[in-house]
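A.B. asks: These protein sequence lines are chains A and B, in that order.
The first sequence begins at 61 in this note's numbering and counts up by one.
The second sequence begins at 3 in this note's numbering and counts up by one.
Since the hints were made in silico from the structure, they are not lab data.
In this text the structure is predicted, and so the values were computed from the model without any measurement.
Heads up, the beta-carbon is just placed ideally off N, CA and C, and yes, glycines get one too.
It is possible that some hints are incorrect.
Pairs of lysine-lysine residues, derived as BS3-like cross-links and limited to a Cα-Cα distance of at most 30 Å, are as follows [as the list claims (entries may be wrong)]:
id : chain 1 : residue 1 : chain 2 : residue 2
1  : B       : 173       : B       : 158
2  : B       : 280       : A       : 399
3  : A       : 541       : B       : 222
4  : B       : 181       : B       : 302
Listed next, with one range per pair, are the computed distances between beta-carbon atoms [claimed, not checked]:
id : chain 1 : residue 1 : chain 2 : residue 2 : range
5  : B       : 184       : A       : 156       : 47 to 53 Å
6  : A       : 485       : B       : 187       : 47 to 53 Å
7  : A       : 398       : B       : 221       : 30 to 36 Å
8  : A       : 574       : B       : 283       : 25 to 31 Å
9  : B       : 284       : A       : 365       : 21 to 27 Å
10 : B       : 132       : A       : 403       : 53 to 59 Å
11 : B       : 193       : A       : 398       : 48 to 54 Å
12 : B       : 212       : A       : 206       : 42 to 48 Å
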Amino acid sequence: MNRNFWQGTIMVGVTVLIASAVSAQETNEVELLQRELRELRERMQSLEQKLNSAATNSTLLASPDSNGSAPTSASATPAKGWLPSDPLRIGRGGTYADIGFVGTFAAGGSTTKDIEGGTQLGGHDPNQNGFTVQGVEMNLQGAVDPYLRGNANLLFSVDSGGESFMELEEAWLETVSLPGNFQIRAGQILSEFGRANAQHPHTWGFVDSPLVNGRFLGADGLRNPGARLSWLAPTPFYSELMLGIQNSQGETAASFRSDGDAHAGEGEERLPFGYRHAENDRGVRHVTDLLFTPRYAMSFDVTDQQTLVLGASGAFGPNASGGSGDTVTQIYGLDLYWKWKPSNAHAGFPFVSFQTEVMVRRYQLGAFDWDENGNGGDNDGDGFVDAGIITDATGLAPAVLASETVTDYGGYAQLLYGFRQGWVAGLRFDYVTGERAAYERAGLLLVDGNGGGASLGRDPQRNERWRLTPNLTWYPTEFSKIRLQYNYDDRRDLGRDHSVWLQFEFLLGAHAAHKF
Amino acid sequence: MKTKFALLLGALLLATTAHARLNIVVTTPDLASIAKEVGGDKVEITTLARPTEDPHFVDAKPSFIVKLNRADALIEGGADLEIGWLPALLTGARNAKIQSGQPGRILGNAGVVMLEVPTTLTRAEGDIHPLGNPHYVIDPVNAKIVAAHLADAFAKLDSAGAEAYRANAKKFTDALDAKLAEWTAKLAPFKGAKVVSYHNSWPYFAARYGLTMNIFLEPKPGIPPSPAHLASVIARMKEENARVIIVDPYLNRKTAQTVARSTDATVVDVAQMPGGVKGADSYIALEDYLVNSLAAALEKK
Ligand SMILES: [Zn+2]
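Please model the entire structure based on the sequences and the hints provided.
C.D. replies: See below:
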């Protein structure tokens, strides 16, 4: 099943590439001949034009201006020389790179103890009572040269321990006009999976990221070094096919070869689930060590005022459980986005948008024998099983875990209503669950090294949970916002939590254009 | 192989003899209306923003990517009016012909003298346009400059049609010249008259016809009217005897009406986009409508 899947993915990729190369070659020939003809014709005509142009242009431009007062000359806005007292322009039009800076902060609190990674799964969600620096993001973008565009997002943040850190959120180059409607983006990129994963924190409609995204795609979203090929299909409606190929290891590939996630209390500093052999810590030795994320998206303008976007995504790659390369994770997702905006909307208001994503994850857990060294789990020779080792229900013998595949489901739906200029009311419903796996039913214990142990029970990362989130946002302008949000959160075995967050944000410099 | 060659030849013949119409995408309906005049039946015009829509805030709909992908040329305002939505579309469009610097990338404001180019840039003044006020097409003299530039730009893309484009532009310009005399005469009695506007998008129109537009319902560009600001507007309107408020179709007419009630002013529905008010579907028809309805409103007072 594994092998079939990989073969399938590679075959499809190769076929697409070959087909495109062939058709690109044909069109290239036609284009070449066309261009030569055009150039010849232009050369002849330019000679002709040179003779006439002075006369023609002057009659047009200097046509009598009956009012007499306004300028009719064809000279562009006269460029003003820069003076030392003038500001250095950071923004569009005047620089090689547009520089933007967004600071997002939250204040508030929750009835729960484990906010960071417990109730709040996203790496840039509010992470403590009081104040949180959700992120201060610097964005640089611009044309690299006539063929490439560049973009970089650096994120500065402070965790709940007060430690500052920096993240290379994204940094990539992208082709501007490859033939055949292809486009390649390469560098450090957010995987194109569904809608929410590729969005930067400051464009979120809510203070925090959806639960299913936090669990399946990771606290900071699924992103890694790699490349993405995309193809705009020649259909009358918008239809785009994408294939991402990225590394599958590291903390930003949570369901794959993640080595635990420093942000996530739900599984802090340990694997998502399952246990891995040392040799699983490999880099990329084989094509099957990579993460593949195909996506297809299409869009229709239902009416002049309503637009629909539908997408199907997949993420396939090896995971961190078990031995080397014998376990994989498959994530499938469907997403839908619908937006209504009347044709006389002012400053983007009013509008109604609805967004939903559902995902399924199939995670293969590899076999693992906790008696790795054959000494009954007593490495220090004190007669007890060492602390940190997982034993069977008796607590006396290291556990032997069989391989199994666990399946999880999750999704969210959110409605945003921009009811008057600058004001948006939002409502989101989150749900995540998974079927109970054999390792959760087995009554395993995590021993403390002194003959005691704690029951593992249900895996907190796979527990059923739902959340209801109303919020209200005020955008004084496009460059700032204040958002108040309440989360009603119900986690199985842990109970209900209430959280209230006030988010505030400012933007300096260039404002990246909004994606739809 | 033979059939392939025949096909190629066929395609070539078709491309060179059957003069396919230029497929031109225009961001806003005002520029589109001039492009239609200049291009005539030699071009196919697709307009992205609708005439009643706020041109600063158009959604970057994926269907626009498809339109831009197939375009031979793109006409944009050229002064950052579309900055909030066009760049994302251009990246997705992956069309070499409309990359900046290409003949297929046409800036509507080439040759237009921009008003209100700020000397200092600070958003404390609201969402100001760094390259000058982008609402320039509504001045008929600017429309003539646009037409001449479009004729040149189209000729570059389709040299076979060059003469036709220049002739069309001349015809449009002549029609405008004739009309401009009429429009100027019609508004001449109201030189210096105060006209209140919601957003600062009419300076070119005001300058052309000698009207004074320095009172705005928005406290600063892009900032929604506050009650305190509206109170000061009402006081100023009374003091300076301003009795006409103009409102674009996408702006809040109720706010304008409230102010009008307290000042005994007339609200005039205006638009900068042909099609934005009923019955004014071409550039000249729109200008006709604007001049006539303003003259009527100013006359009344
Ligand atoms: Zn404006």
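A.B. asks: For this structure, which hints from the list above don't hold up?
C.D. replies: 10
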